[in-house]
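In the order they appear, the protein sequences are chains A and B. For the first sequence, the numbering used here gives the first residue as 11, with consecutive numbering after it. For the second sequence, the numbering used here gives the first residue as 124, with consecutive numbering after it.
These are computed hints drawn from the structure, not numbers from a lab. Where hints are given, some of them may not hold.
[As the list claims (entries may be wrong)] Distance condition first, Cα-Cα at most 20 Å in a straight line; then the derived PhoX-like pairs of lysine-lysine:
no.: 1; chain 1: B; residue 1: Lys-263; chain 2: B; residue 2: Lys-305
no.: 2; chain 1: B; residue 1: Lys-202; chain 2: B; residue 2: Lys-226
no.: 3; chain 1: B; residue 1: Lys-262; chain 2: B; residue 2: Lys-305
no.: 4; chain 1: A; residue 1: Lys-267; chain 2: B; residue 2: Lys-354
no.: 5; chain 1: A; residue 1: Lys-267; chain 2: B; residue 2: Lys-218
no.: 6; chain 1: B; residue 1: Lys-272; chain 2: B; residue 2: Lys-254
no.: 7; chain 1: B; residue 1: Lys-354; chain 2: B; residue 2: Lys-335
no.: 8; chain 1: B; residue 1: Lys-354; chain 2: B; residue 2: Lys-254
no.: 9; chain 1: B; residue 1: Lys-352; chain 2: A; residue 2: Lys-267
Just so we're clear, the structure is a prediction, and the values are computed from it rather than from any experiment.
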Amino acid sequence: MTSLPSLRAEKTPSRSAKDLVFRIFMFAGIGIALGSLATLLANVIIEGAPRLNLDLVTSMPSARPRRAGIQSAIFGSLWVVLTTAAISLPTGIGAAIYLEEFARRDRWYNRLIELNVQNLAAVPSVVFGILGLAFIKRGPLGLGSTVITASLVLSMLVLPTVVIVSREAIRAVPDSFRQGSLALGATKWETVRHQVLPNAFPGILTGTILSVSRALGESAPLLMLGALTFITFNPTGLDSQYTVLPIQIFSYISSAKQEFRPLAAASIVVLLAVLLALNAVAIFLRNKYQKRW
Amino acid sequence: MARHLMSPRRVAVVAVAVLALASCGGGSSTSSDLTGNILIDGSSTVAPLMTLLAEDFQEDNSGVRVTVGTSGTGGGFEKFCAGETDIANASREIKESEIETCKANGIEFLEVIIANDALSVVVNNDNTWAKCLTVDQLKKMWGPDAEGKVSNWNQVDASFPDQSLNLFGAGTDSGTFDYFTKEINGEEGSSRTDYNPSEDDNVTVKGVEGDKGALGYFGFSYLEENITKVKALEVDGGKGCVAPSLENVQNGTYTPLSRPLYAYVSLKGAQREEVKAFFEFVGENLDSLTEEALFIPLNDDQKAIENKNLEAIAGA
């Protein structure tokens, strides 16, 4: 292509100055964000360093700081988060497919669903905890203080986000794919199954794993449900009692014994590591399945 | 390649070895064959002591699973009276309303006194003027009437300097808040609301440590762990100034802010072998573990009460 120098506006000094100011603002923004994150991380790692060893993850919680660990909390967190994923991903992605591909916008109930999904995404997590306490832990379902109760409540919490990010990914698949498939005689479902989903998969996966990993850091709704703070065995099933990392960390931090502080800091590092590992899986899967068109 | 390293036979050998080690290292020799679950929930103040008891009990009885939750005294009773837990930890006595709830759900219970705590009133290390406060002075600071009005030390006592007064205290869900407001302000739950509340007493320690005009209160264990960071005040409950200490709590002179801590056990729970064994263990080990948990052991009169409580459980 030939360039069109006559159409390019001249860079006047005042516009260059605005450009510079804008850049400074951008760098300051990212600098503040990264700077505070780095300070927090450094703080936690330095304080937790003495306790960052294998004993931390192999020992059970204890009232004696020297032998205390977080094994049951790690397993509890993994049980709860993986069960949450198993519940929320199929339902959330299914809902997203329906809303994007099948639902007719002109029906009032579809608009109602859409409105609700968006509103639910902004509801504070503790509200879900209260709901879970009344209807899942006690009340109609009466499942008690178990892994499945926690997972159901956290599923409700992440479901709206899962639906929203999945819809975004599905919407990003070019319409020409659908039209081509339909033109060749495929049914609606065949089009979704063979064209839309495979192409939307990387985006769905990234978004959903990021939203489910949010469940890993949640403590407010689980405190409502009465997660335990001292438990010396790992969950063995969905009906097991449990504790999770954020709650164990809070319990250690608020202890009168100051020796618990490094332990809490080290536990925070472990929690961050588990979170990073989950996100790394998301990035790996996205890169593996990503297609360009 | 790596597969033959872990052939079934090897796995079996390793498993046997691990089991053998586990049975050797499994604490003292009295390992019992009791099984079951003991569910404990309630006061976060009492939790460190209960956790120690639970931990050591499990070492002797590896078949019994003891769990401790920290829903707060009120939250603990709510679960206890709904029949969800066996034992409720409490940093105050059970209320009438809670007894009613228990009754309505058919939950009968026994009370066990397990330790003492001294609510300690603390100020900044640079606070040179305050050494002892009367209950009336504390009420002047904390009472609901003080809200928005009392914000300077010289309003509390004319001899105190012109220094802004910043208050740190327990969150409204805790038994500590209930107890402090009842003893100081005369009515449970009545307190000014414009102070810095926290469920984590370490936050109160930090707040008082960093502010010359600060005053806060928390359990004795937090004072013992932070004795260099903050200064404890003596409290005058009408019979002179008394400092919070093990002796003054045991001899009953640190009033009104010393309080007994309790465990409530459901009658149904107390009839189970593992729960009986647990309280037998409590009776034998309470003294040493109370001090390890930074609480104040029972005095002789209280011990007599405790023994009666424990006998009732043994006979339940």
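For each hint, the structure was consulted:
1. Our distance criterion of 20 Å between C-alpha atoms is met by Lys-263 (chain B) and Lys-305 (chain B), whose separation comes to about 14 Å.
2. Taking the CA atoms of Lys-202 (chain B) and Lys-226 (chain B), the gap is about 13 Å. The hint holds against a cut of 20 Å.
3. Between the alpha carbons of Lys-262 (chain B) and Lys-305 (chain B) the distance comes to roughly 11 Å, so the proposed pair stays at or under 20 Å and holds.
4. At most 20 Å may separate the alpha-carbon atoms for a hinted pair to count; Lys-267 (chain A) and Lys-354 (chain B) meet this at roughly 18 Å.
5. The suggested pairing of Lys-267 (chain A) with Lys-218 (chain B) is violated, with an alpha-carbon distance near 30 Å, which exceeds 20 Å.
6. Simply put, Lys-272 (chain B) and Lys-254 (chain B) have alpha-carbon atoms about 23 Å apart, too far for the 20 Å limit, and the pair is violated.
7. The straight-line distance between the Cα atoms of Lys-354 (chain B) and Lys-335 (chain B) is roughly 11 Å, inside the 20 Å bound, and the hint therefore holds.
8. Simply put, Lys-354 (chain B) and Lys-254 (chain B) have alpha-carbon atoms about 9 Å apart, close enough for the 20 Å limit, and the pair holds.
9. As the CA atoms of Lys-352 (chain B) and Lys-267 (chain A) are separated by approximately 14 Å, the hinted pair is consistent with the 20 Å bound.
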